[in-house]
Each structure stands twice: as C-alpha cells, then as structure tokens.
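Protein chains in written order, with my numbering: chain L, 646 to 1064; chain F, 1144 to 1597.
Warning: the hint list may mix true and false statements.
Listed below are several chain F residues computed to face chain L (Cβ distance under 10 Å; list not exhaustive) [to be verified]:
1) Gly1199
2) Ser1301
3) Phe1436
4) Ser1505
5) Trp1521
6) Ala1562
7) Gly1563
If you are wondering where the hints come from, they were derived from the structure by calculation, not from laboratory data. Remember, predicted model here, so these are calculated numbers, not experimental data. Glycine residues also receive a C-beta, built at the ideal position from the N, C-alpha and C atoms.
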Amino acid sequence: MRFTLCKVELTYGVVAATHGALAVLVGGLALAVVATAARAQEAPVALVGARIHTAAGPAIENGTIVFADGVIAAVGAGVAPPAGAEVVDVSGMVIMPGMLDNHSHIGADSRDLNEFPVRFGPQHRIRDVLSPDDDFWYGAVKGGVTTVITGPGSGEVSSGQAIVVKTWGPTIEERIVKERGGLKIAMGRKRPDQSPTTSMAVTAMLRAKFIEAQEYQAKWDAWEEGGQEGPAPPRDLGMEAVVRVLTGEDRIRAHVHQAHDILAIIRLSQEFDFSLAIHHSTEAYKVADDIAEAGIDVVGMPLFTRIALADEVMATGTLMNEMGVRFTFHTDDPVVGSKWQRGNAGLGIRYGMTEQDALEAVTINPAAIAGVEDRVGSLEVGKDADIVVLNGTWYEVSTLVTRVYVDGMLAYDREGEGP
Amino acid sequence: MSGQKKRPVTQAVGACMVGWVGGGARIGAIGVAAVAMAAVQGAGADVQAQTVALTGGLVYPISSEPVEGGTVLMVEGRIAAVGADVDIPAGAEVVDVSGSVVMPGIIDAMSYYGIAGEDMNEVPNPLTPELRIIEAFAPFGTFGSGAAGEIRVRELLSGGVTATYIGPGDATVVGGQGAVVKTAGARFDDLIVRAPAAIDITLGGRPASTYRDQSRSPSTRMAVVAQLRDLLVKAQEWTAGREGGSEAGEAAAGPRNLGMEALARMLAGEIPARVQANATRDIRVAIELAEEFGFELVIDGAAGAHQMAGELADRGIPVILGPISHPYISGEEIPDAGEYGGVDERNVLWLNEAGVHVSLASFSRGFGRFGPGVAGQWLLIDASIARGHGMSEADVLRAVTLSPAEALGVADRMGSLEAGKDADVVVFDGDPLSIRTWATRVYVGGSLVYERED
Chain L
646 MRFTLCKVEL TYGVVAATHG ALAVLVGGLA LAVVATAARA QEAPVALVGA
696 RIHTAAGPAI ENGTIVFADG VIAAVGAGVA PPAGAEVVDV SGMVIMPGML
746 DNHSHIGADS RDLNEFPVRF GPQHRIRDVL SPDDDFWYGA VKGGVTTVIT
796 GPGSGEVSSG QAIVVKTWGP TIEERIVKER GGLKIAMGRK RPDQSPTTSM
846 AVTAMLRAKF IEAQEYQAKW DAWEEGGQEG PAPPRDLGME AVVRVLTGED
896 RIRAHVHQAH DILAIIRLSQ EFDFSLAIHH STEAYKVADD IAEAGIDVVG
946 MPLFTRIALA DEVMATGTLM NEMGVRFTFH TDDPVVGSKW QRGNAGLGIR
996 YGMTEQDALE AVTINPAAIA GVEDRVGSLE VGKDADIVVL NGTWYEVSTL
1046 VTRVYVDGML AYDREGEGP
Chain F
1144 MSGQKKRPVT QAVGACMVGW VGGGARIGAI GVAAVAMAAV QGAGADVQAQ
1194 TVALTGGLVY PISSEPVEGG TVLMVEGRIA AVGADVDIPA GAEVVDVSGS
1244 VVMPGIIDAM SYYGIAGEDM NEVPNPLTPE LRIIEAFAPF GTFGSGAAGE
1294 IRVRELLSGG VTATYIGPGD ATVVGGQGAV VKTAGARFDD LIVRAPAAID
1344 ITLGGRPAST YRDQSRSPST RMAVVAQLRD LLVKAQEWTA GREGGSEAGE
1394 AAAGPRNLGM EALARMLAGE IPARVQANAT RDIRVAIELA EEFGFELVID
1444 GAAGAHQMAG ELADRGIPVI LGPISHPYIS GEEIPDAGEY GGVDERNVLW
1494 LNEAGVHVSL ASFSRGFGRF GPGVAGQWLL IDASIARGHG MSEADVLRAV
1544 TLSPAEALGV ADRMGSLEAG KDADVVVFDG DPLSIRTWAT RVYVGGSLVY
1594 ERED
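Chain L on its own, in the form it takes in the complex:
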C-alpha cells in the first residue's frame, strides 16, 4: 500500500507544483499517516448526521453508521456512538455503500490482458499480473468504487480467470475478497488469423471444451473411486478451471454483444448446467424474455463511455429491472475509469431506472453476481465497512466523493486536496 500512496503523492506533486497548492501534498502525506494509524488503533468510528443509502432498504435520514475493526457495527437513525468512538460529523452529506464494478481490467497492463495465440486459455489468471502500482486503483477509490471484479480481456474464446478484489488496502493479497471471480469467455467473432473466427466456431469450441472438462473430471472421479490406485491422471490447469465452472465453484462471465450470441451462451449454460452472467449485453433488450426465463445475470454496458448507443441499450437497466433480471453496470476500466461507475447509474436513472434500482445496480447486485454479498454491497451490520461519503445527490456527476473508507480505513479524504 505504501507503494501506491507514493504514487499518489507523486501525482499530486505535479498539481501542487503548478498551482502552489502545497496543502495538496501535505494531504497526501496525511493520508499515509491515517492509513497506518487507523489500522493500528482500530477504535470505533461513527459517521453522524448523513442521509444514508444502505442499499438494503429505504434511505435513512439523519442517520449514524458505526464501524469497528473494519466491520459495520450499527447503522440507523437513532444510533448512539459508542463510548470512545471517533465521531465524524457528516451532517448534510450523503452516505452510500462502497460501489462494486463487476467488469474491469484495472490493475493490469493492457498488454497483459490477451494471450491471443492461445484461443482457449482458462488457466490464465489475472491475479498473476495485478500490480498495486496503478493510478487507476486510486481513481476507483476516489470515485467510491471499493471492490472490483477485474479480469483478462476478450480477444480469445477464454482468456482466463477474474478475481474479486478491493481497490485499496495494504497488499494485493490482503485485498482479495474472493479468488474465483468468474471464468471469462468471449462470444462472437474473433480475429481472422486463427480458428475459431466465426460465432459458430466459437460456440462449437466452447461446447467441445465443456465436454472435454466433463471427461477430464470423469477420469479423476474414476481414479478417486478406484481407491487412487495407479498413477493419478495428469493435471490440466485449464481443465481444472472449467471443471470448477461445471461443479458450481465458479461461474462463467461471458463477453457478449449480439442477441444470437446471448442465446447461444444461454443454450450452453443449460446444456452444461453452469451459472452465467452476460457482460456488455448490448443487445440484451432484444432477447429480454429469454434472459429472464433463463435466470441469468446481466452486466450492462458502460453507459458513461458516452459512445452513441441506441436508446434501447441506454435503457437496458430499466428493462431488466422490469423483467426481474439481476442487473449491474460495469466500467470496463480503462474504457471508462472505474471512478465513473456512479455516472453509469446516473445515466441509468436518466433512462428510466428508479433511484433505488440504480443504487442496487452498482452496490448489492454486483456483489451478489460476484457471490460476495455476504461481505460487501450494502451497509448492514457485520459487513465490511466500505463506505462512501458524498457532498450531494449520489448519482449526479457534479457531486463529489469526499471520503471513502475501505475495511474501516480512511482510504480517501478530499479535504486538503484543494479544488
């Protein structure tokens, strides 16, 4: 973590040098001190007087949230801060849960995202290329995104395994919330230099690989059932990853834009009985009934790229909520910086989502889609103290994030940063 903070100070150093805002630099240093201190003393903290969006119920006016040892101890309107707590007056402010971003490439060098020559590489792990030294982590923290599911790219049929990780904390290892963040596959046409290139062939390859994984597992099962006699079957790390999907230990995160490819991956999920979330989901609106019936999750387009998407795509969240489909937005960082996940929600509201649905779409829904809703995604007693304080309506882009706590530690404090 110290490494990242150094980077942050450097960035601010440029600003300070050109604007004479020396306080900025000091702010950066103070941040480092706070981080170490908070971890050491672990005194309870009470944020008092804000409008609190818990994502687990209606907003609480003039609420208090108490956390200690990195975990939320109390949240409500009539909560009294415990004795010895550090009380922070946040009256007039707004509090929301630390947001999640379900589809991101944050922390990895873009050159490390796609092993193009290997068309099917489920053995690749994003975890092995995550760097704590990436400005975008801090961008995410500043934007109120405290947990991301970061993963490899979309150039291959399978590019490998994603991971659920906090955006701030002492080390990458300590930041990991869940190692199994989903096995990435990418539907649709591929580069023409190597088979498969067509959507048909991509789906055919996937089907073959799932069958191969069934057979691979059968070999191991037979060996186990035979009392482990003779040499064990040779291990195949890629097949192990696919088997985890087939046994429900992990799920498929499918990059898919076009409607026919959405239908194809739904067919595969039913044929091989695996858990599925579709990502990008550009044409999900065209097959909304199929999606709802299949009970899969939808990770919708990063609207805040502000590319010219059809109104139907912009309104995907509205439609999915109406259809009872679990829905979230993603930033695809670095396509959009993770810090603008809030902007996705704002645009979702613009296109018809209710404020509560949009809030859940960037908090508890992505947590549930990633299978980490027991720890993050809402402000409830016992959950991680990942808390965002803002100076206005949470979904407006003119609203600033002023404080971010991750695991109860103050990860970002706008005070001292200057305008």
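Put chain F on the given structure of chain L with help from the hints.
Chain F in isolation, oriented as in the chain L frame:
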C-alpha cells in the same frame, strides 16, 4: 437568388419512436416526435408561423444574468427579444415553458460529426492546407447502425447541440480547413455557418507516430515542427509575391496554389490556426509559431494546459478542452497520453480560474465498431463535473455556449440569447447540469427541429 416564391421545404428530422421488441416486454418508450421543419425562407404565411414566444421559463441568456419567468421571442429565424417584459406580437405561437430552463443551443467546439473515419486523415501527405472538411461532411449519411443520418442529427439535438466545429483528424500535421456547422437545417447549405473556420493543425506525438510507423518523415516532434515552419515560410513568401501586385510578383508566386491561398488567409488573420496540442512543450511550440508568423491561435486538446495557464491567459489564447471525464481526455486513441503529466479533470477549472478563455468539446470520434465516441450530446456532463469541482454555473454554461462561439468566430450569430442572433434555442426540463435533465425542445434558426415527449 431570384425566385421569390420559394416553396417551404419540409423534412422530417429526428423521426424515431422507440419501440421495444422482445416478447412483448415494454417499458415507457422514449418518445421523440417527428417534427416537421420548414425552411426559414418561407412565404408570408410561413414567416408568420415562425414567430414563436417561449414564455415562463428560467432563461439563461449567458451574455447576461438569468431571467426568471422570462420570454424568448423568435421572429423569422432570429431572436427578436429576451427578457421579463417582452411584447408578444399578435399571431405569434406562444409556448408555455414554465418550469423549464431556456438556453442558447449548446455548441460543440470540436467534433467529427458527419465525417467518416476513412475521410479524416489524408495520411500520404502530412501537409494539406488545401483540404476542406466541408467536402467530406455527410450529415445525412449512414453511420453505424440504422437510418443513421437522421439518428445522428437527433443524437446531437437530443443533447441540445445546435452547432459544432468539424475538422480533419489529427494523424497528420496540417490536416486542412475546418468548418462550423449547425446540426439541423432544411438543406445542406443551411447547415454551413463558417467555412473555412480555421486551419487545422496537430502537433506532438500523434502525427509523429503516424509517420514513424511508416518509417518516413516527420517521425519526430522536431521534424513535425520543422516541416510546419517550412510550410509557413513558403506561405509567407507566396503571399509576399502575390501581394506585390506586379506582374513580377505574380510570376514569382507562380500559378494559383489553393493550399497557399488557405494559409495566406490564416496569416492575414481572416481565420485562426486550430492547433491540437496536449503536452506543454507542444503548446509552447504553437505559441512560438503564432508569434513568429503572426497568426491567431486556438489550442485544442490541451490536456496539460493548466500547467501553463498563466501564459495562455496573458496571451488571450482560447483553449478547447476534450471530455474531462475521460481517462484519455480526448477519446480512446491519443497515443501520446503517456507523454504528459498532470492530466486531470480539474484542468478546465484551473484554466478558468487563471482567466483562460475555455470551451468544453466532445472530440467525438469513432469508437471501434460501436459508433461515434464521446458524443457531443453529453457535453453538459462535462460541464456538470466542472461545476462539481467548483466552477460557477455561469462559467460552465458559458464554456459550452458563448465561449465556443467566440473561439470559433461565430459569436455574432450564436452562443447567447441576444436580439439579432440566430434563434438556436434549447428548452430543458430542469437544471441543465443534472444528469436527469432532458432537452425537450430544440429550435434551430427559429424552427422546432427536436421535441421530446414524455
């Protein structure tokens, strides 16, 4: 223009009722009414119909203080009056816009609206001042998916954008002549506001990388500047020869040279140089060249501009900034993004505080196969972000209206609600800086060209 009996041309603009496919799943459709747009030069009865009074709204003239419950009167395509006490002529169409905000049309100071990707850069030649963007401008062409000509117009109008600068791409050094166009009009010629509006030039890593990839010159910043300087010297000599007025002078200048003629207009101060420069060193070069050759300079891109805000302010150089919320500032493909430090979304705020003339622009460009990137319809999002960081409401709204109009040299016609200017007017259903707010009515040249029903 002899025919007095011009027939009003009617054209459906923005016809798009959004329906929902998918097994009967329907949500509240986002309805955009098809609006008939009549030519401004209509016969008498039509002219009468062109008298429209928007009443009761919160009016932001931009050039003056907001007026609550104000009236904006549009007559024959122009703004006739703005204020709290405006006499509405008999027979005028009165539109009650109480509860709404009325503003001048948003102006996107840099976009590639209507320009196909393959038409943006004449790569084989790094120096092409003779090229005119207007000849590649296809506002009604197909673009992306669907009936894109109309969609494209509607897309900008839905964000309240009524005019934009369009220019050649940034892969070469001197791309050609940019233009200012409107986003709606009865005929192509009606769209053209100013052409040429500038000579479009790019400094820095982008053109250098174009030619480095081809193992030819200019493949470094040095060579980019040297070739540009050489071209400007030739233009000086050419101009001097022409201005000699004598046969000897003309003989010295040689036959007509359309590129030189365009540069001569720039050197004579008729049109500015629009220089895309992001790194401070590139901005500095642009300033030096402007001094050396005496041309008017507008900087665009300007990702690192805040690091030399004082100098830009002192010299009165307008700056046009890319989308401030985007990690790469102006679209996804600035190859030299890693070459300058200090990229920060507060750039606009700091420049504004230093007294720099700033505009916000979309720099829209193709985003892979998905379509145009960072479209101008979302300019107010950037304004909102700047507002959040502390720039005043008046200043951020100016940065997407009157300031771009001034930087583009069209402030006599647009950018504010003032009598005599074109009636390019937008009605918003709420705070223009809220992400929830929609443009509900857009007038271009006094004609209602977009209407959102909800």
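Results of checking the hints against the structure:
{"no.": "1", "hint": "Gly1199", "result": "25 Å, violated"}
{"no.": "2", "hint": "Ser1301", "result": "9 Å, holds"}
{"no.": "3", "hint": "Phe1436", "result": "28 Å, violated"}
{"no.": "4", "hint": "Ser1505", "result": "8 Å, holds"}
{"no.": "5", "hint": "Trp1521", "result": "4 Å, holds"}
{"no.": "6", "hint": "Ala1562", "result": "32 Å, violated"}
{"no.": "7", "hint": "Gly1563", "result": "33 Å, violated"}
The structure does not agree with the numbered hints 1, 3, 6, 7 stated previously, though it agrees with the rest.
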